[in-house]
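S.K.: First to last, the protein sequences are chains G and H. 1 is the number of the first residue of the first sequence in this note's numbering; add one for each residue after it. 1 is the number of the first residue of the second sequence in this note's numbering; add one for each residue after it.
Some clues are possibly wrong.
Note: identical chains are not told apart, hence a pair may lie in one copy or across any two.
Cut-off 35 Å, straight-line C-alpha distance, at most; resulting in silico cross-link-like pairs (DSBU-like, lysine-lysine) [as the list claims (entries may be wrong)]:
#  : residue 1 : residue 2
1  : K289      : K26
2  : K132      : K26
3  : K6        : K52
4  : K279      : K26
5  : K6        : K279
6  : K279      : K289
7  : K26       : K6
8  : K185      : K132
9  : K26       : K52
10 : K279      : K185
11 : K289      : K132
12 : K289      : K185
13 : K52       : K132
14 : K52       : K279
15 : K52       : K289
16 : K132      : K279
17 : K6        : K289
18 : K6        : K185
The set of hints was computed from the structure by calculation and includes no laboratory data.
There are 2 protein chains.
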Amino acid sequence: MRDVTKDNITDVFMGYMGQNTDPRLKEVMGSLVRHLHNFAREVNLTHAEWNKGIAFLEQAGEISDAERHEFVLLSDVLGLSSLVDMLHNRPEGTSSSVLGPFHITGSPPLEVGGDMRQDFTTQVLLVEGVVKDPDGNPIPGATLDIWQTAPNGLYSSQDPDQDTYSFHGLQTVGADGRYAFTTVKPVEYTVPSDGPVGDILRACGRHPWRPSHLHFIAEAEGFRPLVTEVFPEDDPYLDQDTVFGVREDLVMRYEHMPAGSFPQTGYALSGQVPDAYLKVAFDLTLVPK
Amino acid sequence: MRDVTKDNITDVFMGYMGQNTDPRLKEVMGSLVRHLHNFAREVNLTHAEWNKGIAFLEQAGEISDAERHEFVLLSDVLGLSSLVDMLHNRPEGTSSSVLGPFHITGSPPLEVGGDMRQDFTTQVLLVEGVVKDPDGNPIPGATLDIWQTAPNGLYSSQDPDQDTYSFHGLQTVGADGRYAFTTVKPVEYTVPSDGPVGDILRACGRHPWRPSHLHFIAEAEGFRPLVTEVFPEDDPYLDQDTVFGVREDLVMRYEHMPAGSFPQTGYALSGQVPDAYLKVAFDLTLVPK
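Excised from the complex, chain G in its bound form:
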């Protein structure tokens, strides 16, 4: 079009699309570009601001590699990742929450009642619950992929002093749907803020902290996979998670259990926990496909 104007450019863009373009692609690209154009018009975006945006994208590309996912982090801190999660959440199941960049595949099997603490000897946390369907029936054979920070606030992939699979485990539940493991309480930590996304956080007067959490991916034949997190209700960052991951049904009370009360049988640590310990009970409800 030789008469492209600031008012018709979105229509011109749509008109450029081929007749055989996949209808969903057309819908997604059309909506994306309409919002992009409306944004530019709304704020009267200047060349200098456009340059800053381009420089930001180039810097994010530069810092990214197989381990560092700056564009995922960008999506996380802008709330897009959480929004996509929530759009596909089903109210009859447990809420999903962000996967985050620290999941790794191939976690070692962890028997029901097993221990994930490895070399760390801070206070024991016992986590247990049932994997069930929306009617409350247990889901035999469901698997839980579990991961969390060590007490030093680092995931194994961030910490040369930890084994690759430190605080990672894959648990398969039995006929009763019950899972259980001992670990230590995860701690709050910051998202990586030494790159361009960190610059955005600082410029917006935001901190990089996330409340502490346990990560789960629950899967079972015939059910939608669930990626979620569990947060302790007393975490100081619960109401200001920098990646917007907290949902009301994922906030749990971590009970303080008295010394001498750890179960005598059924757990890898039975007979080895004389002191007070923490306990959190958290059922996971999966939605059929």
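Starting from the known structure of chain G, arrange chain H on it as the hints suggest.
M.R.: The following block gives chain H in isolation, referenced to the frame of chain G:
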């Protein structure tokens, strides 16, 4: 917020901004994120689509370097670059158009009436006009940074067989504001389509072609710099420029001038053009700062 929902997440995002955040940054980020969230809600963006988007950004980052600016190209083919241009256009001056990725600094001086053809011997094109203010007064001392493709469709930076400054020149006009140079007709060419942006064009059923054009940056003390392009009215891609750069006032008639009519004096090529040649007259109107 532990009650982040798909409906309130945009407000939560705004609430995270610090009290001392620069008001313009707050306005731009707020609008950008509101549009981003509205886009995701509007199309009910899936995790698979989100993954494709992240993978696209990572690939664009990977292919980018000091020479290859894939994010600029993305902005160009989505119409954002042209939209930003048009938002800051002033109706009393010549329309601006995209800078594109092929401008280089340090072009050699080109005297008024000088020749840019170098080793290429295709038909001569004579380009001339006046650099003037909105009242029609010439602007003495204005500079024109001029660049274009060679007849092979390549800019010098894309073509190892051309000198660095082949088809680049910097002309300073005299008291009459008049500029003039001889060159060859630029040719239509494709934007780089071997990367992720090319994948988008193909998926949307779009071609990568731009109509042929001459690039100008006109500058003068006390006036807003003008980045623009001039297109021939008979170019087959005029109505479908893949980067949306064509404006009505930038489309010019390239006149066919008969053999023997080339001016006998005043041009570097005077006395050397016995054949028919092309001529385009194009005045550039700059707007005071």
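S.K.: For each hint, tell me whether it holds in the structure or not.
M.R.: Right, here's what the structure says about each hint:
1. K289 x K26: So K289 and K26 pass the 35 Å test inside one copy only (27 Å; across, 41 Å).
2. K132 x K26: Cα proximity of K132 and K26: none, with 39 Å in one copy and 44 Å across.
3. K6 x K52: both (21 Å within a copy, 29 Å between copies)
4. K279 x K26: Neither: 50 Å inside a copy, 42 Å across copies.
5. K6 x K279: between (60 Å within a copy, 31 Å between copies)
6. K279 x K289: For K279 and K289, only the intra-copy Cα distance (32 Å) is at most 35 Å; the inter-copy one is 68 Å.
7. K26 x K6: Answer is both; intra-copy 21 Å and inter-copy 24 Å each pass.
8. K185 x K132: within (24 Å within a copy, 72 Å between copies)
9. K26 x K52: For K26 and K52, the Cα distance is within 35 Å both inside one copy (28 Å) and across copies (15 Å).
10. K279 x K185: Answer is within: at 10 Å inside a copy they meet the 35 Å cutoff, but 78 Å across does not.
11. K289 x K132: Result: close within a single copy only, 14 Å intra versus 69 Å inter.
12. K289 x K185: within (33 Å within a copy, 62 Å between copies)
13. K52 x K132: between (49 Å within a copy, 32 Å between copies)
14. K52 x K279: neither (48 Å within a copy, 39 Å between copies)
15. K52 x K289: Intra 44 Å, inter 23 Å, cutoff 35 Å: inter-copy only.
16. K132 x K279: within (20 Å within a copy, 79 Å between copies)
17. K6 x K289: between (45 Å within a copy, 22 Å between copies)
18. K6 x K185: Only across copies: K6 and K185 sit 29 Å apart there, 55 Å inside one copy, limit 35 Å.
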